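Here this note's numbering is used: the first residue of the sequence shown is 429, the next is one more, and so on.
Keep in mind that a hint or two might mislead.
Pairwise CB distance ranges, derived in the manner of DEER restraints [stated by the list, open to error]:
1) Lys531 with Ser569: 20 to 28 Å
2) Asn585 with Asp564: 20 to 28 Å
3) Leu558 with Asp490: 17 to 25 Å
If you are wondering where the hints come from, they were derived from the structure by calculation, not from laboratory data. A quick note: this is a predicted structure, and the numbers were derived from the prediction, not measured. Ideal Cβ positions, reconstructed from N, Cα and C, are used throughout, including at glycine.
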Amino acid sequence: FILFHLGNISMQKFILIFFVTLIAGCSTGTKFVASTHSIDSNNALVYVYRPLQFDNALLSPDLIINNKRFKGISNGGYFSLHIQEGEYQIKVDFGDKGKESTKTFKFENGKTYFIKANTGRKPLEYPYELVYFRLDEVESSIGNFEIKDTRLIEEINY
Numbered sequence: 429f430i431l432f433h434l435g436n437i438s439m440q441k442f443i444l445i446f447f448v449t450l451i452a453g454c455s456t457g458t459k460f461v462a463s464t465h466s467i468d469s470n471n472a473l474v475y476v477y478r479p480l481q482f483d484n485a486l487l488s489p490d491l492i493i494n495n496k497r498f499k500g501i502s503n504g505g506y507f508s509l510h511i512q513e514g515e516y517q518i519k520v521d522f523g524d525k526g527k528e529s530t531k532t533f534k535f536e537n538g539k540t541y542f543i544k545a546n547t548g549r550k551p552l553e554y555p556y557e558l559v560y561f562r563l564d565e566v567e568s569s570i571g572n573f574e575i576k577d578t579r580l581i582e583e584i585n586y
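Take the sequences, apply the hints, and build the full model.
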């Protein structure tokens, strides 16, 4: 274990601050319960979620739906969207900190969809890395399993 200093902050203090911030950020919002979200025949129910993971934990990129900006999608969080049938461009944007992800999804009224925000890092020329977020539609069985440990960020009627 190598000890180095970030200004006047030792590595132990940095790690302590990091984990306190991580725990505090994950404790907001209501934990996911499927029965609290009803679907009707006039809308699609879309969950955009980000499973809790260590990689890029402190980044909360904004969620943008058809050029309308919403809160950041925090680590271990989800959005519940009630939207009308149609095609929607969904984007995860975090400015100059990495590569944005934009994808077009088609939703039908009366159905439930799960969109997972995957994140990671790709090595570039040393010592640089590219941070990325990728949006993928996942099967309901996978989405229902993964989203159960997330917390509500915002419920949106679009």
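Each hint, compared with the structure:
1. Lys531 with Ser569: 20 to 28 Å: 21 Å, holds
2. Asn585 with Asp564: 20 to 28 Å: 24 Å, holds
3. Leu558 with Asp490: 17 to 25 Å: 18 Å, holds
Of the numbered hints listed earlier, not one is contradicted by the structure.
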